[in-house]
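A.B. asks: Sequence:
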Amino acid sequence: MQRAIAVLRLIAMRGPQGLRLHEIAEGLGLERITAHRIVKGLAFSNMLQLDAQARRYSLGHTAYLLGQTASPAFDLRERCQPTLRRLAEMTGDSVFLMVRSGYEAVCFDHLQGSYPIRTHSLKIGARRALGAGAGAMALLAALPDSEVEAAIAANAVHLPRYRDISPARLREMVAKTREDGYATNVQTVIADVSAIGMTLPRKHGPAFVSISIASIASRMAGAHLGEALQALRQETAALGRHLDDARIAWGGMGDGVVG
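FYI, the numbering for the sequence shown is 140 to 398, going by the numbering used here.
Mixed in with the good hints, there may be bad ones.
As the list claims (entries may be wrong) - Just the calculated beta-carbon pair ranges, DEER-fashion:
1) R176 x Y254: 45 to 55 Å
2) G154 x R176: 16 to 26 Å
3) I256 x K179: 38 to 48 Å
4) Q251 x E288: 17 to 27 Å
5) E288 x R159: 24 to 34 Å
6) R159 x R216: 26 to 36 Å
It is worth saying that the hints were derived from the structure and are not from the lab.
Here the structure is a predicted model, which is why all the values come from computation and not from measurement.
C-beta: ideal position from N, C-alpha, C; glycine also.
Generate coordinates for the entire structure from the input sequences, incorporating the hints supplied.
C.D. replies: So this is what it looks like as structure tokens:
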């Protein structure tokens, strides 16, 4: 079961283009015959679908339906939307809600501000390696050192997909994030896009939700950067307290998923 879940996560992380069988096997360190057996079972239950021409597997309609069925149980997105809306209105920039899932960060929500030049760096449901982007970096830096190293090792195969990220670079960025109290992404994932990110504080356990603000690199500087950072600090602190008080909103989603 753990291997099957790992296959689903790997394919989800790659996105709609999917993966070939040998890429799945290599990405998870599986024998090709083992990967084939797992993929065949998932495809039989429609958790995966195969593009016969491209020979690539992507998530199937059963995975989508299960996600739709589960979503009402987690009101995190609904509880966070007023905060995201205020940040988008105050800054005019793109605002993203990210949730840690194992060694990945998932985009749970995205609101666009009024600034005419827009950054479409993440879609809802998109997955990134922890550390790849301001929101994902904030989540990585919130983990204990041993888990940071485990996440970097687990995602080593994915890091070349990003513009300016390596294991050594991630360690530097984790140290800087912890020192500054917020994460920065200065064109490390997408050229000419910069962002800042912070986790929502928790009373118990590592943070597993973050909010990031992204814009074109030339705009995310100087006075605008200072104003966006102040707004992000205030809003994440208030929302973190609200969710801790609500308790049910956490739903155990971030507990025990790392490893």
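A.B. asks: It remains to establish, for every hint, whether it holds in the given structure.
C.D. replies: A quick look at each hint next to the structure:
no., hint, verdict
1, R176 x Y254: 45 to 55 Å, "holds, 49 Å"
2, G154 x R176: 16 to 26 Å, "holds, 24 Å"
3, I256 x K179: 38 to 48 Å, "holds, 46 Å"
4, Q251 x E288: 17 to 27 Å, "violated, 36 Å"
5, E288 x R159: 24 to 34 Å, "holds, 29 Å"
6, R159 x R216: 26 to 36 Å, "holds, 33 Å"
This entry does not satisfy hint 4, going by the numbered hints stated previously; all others are met.
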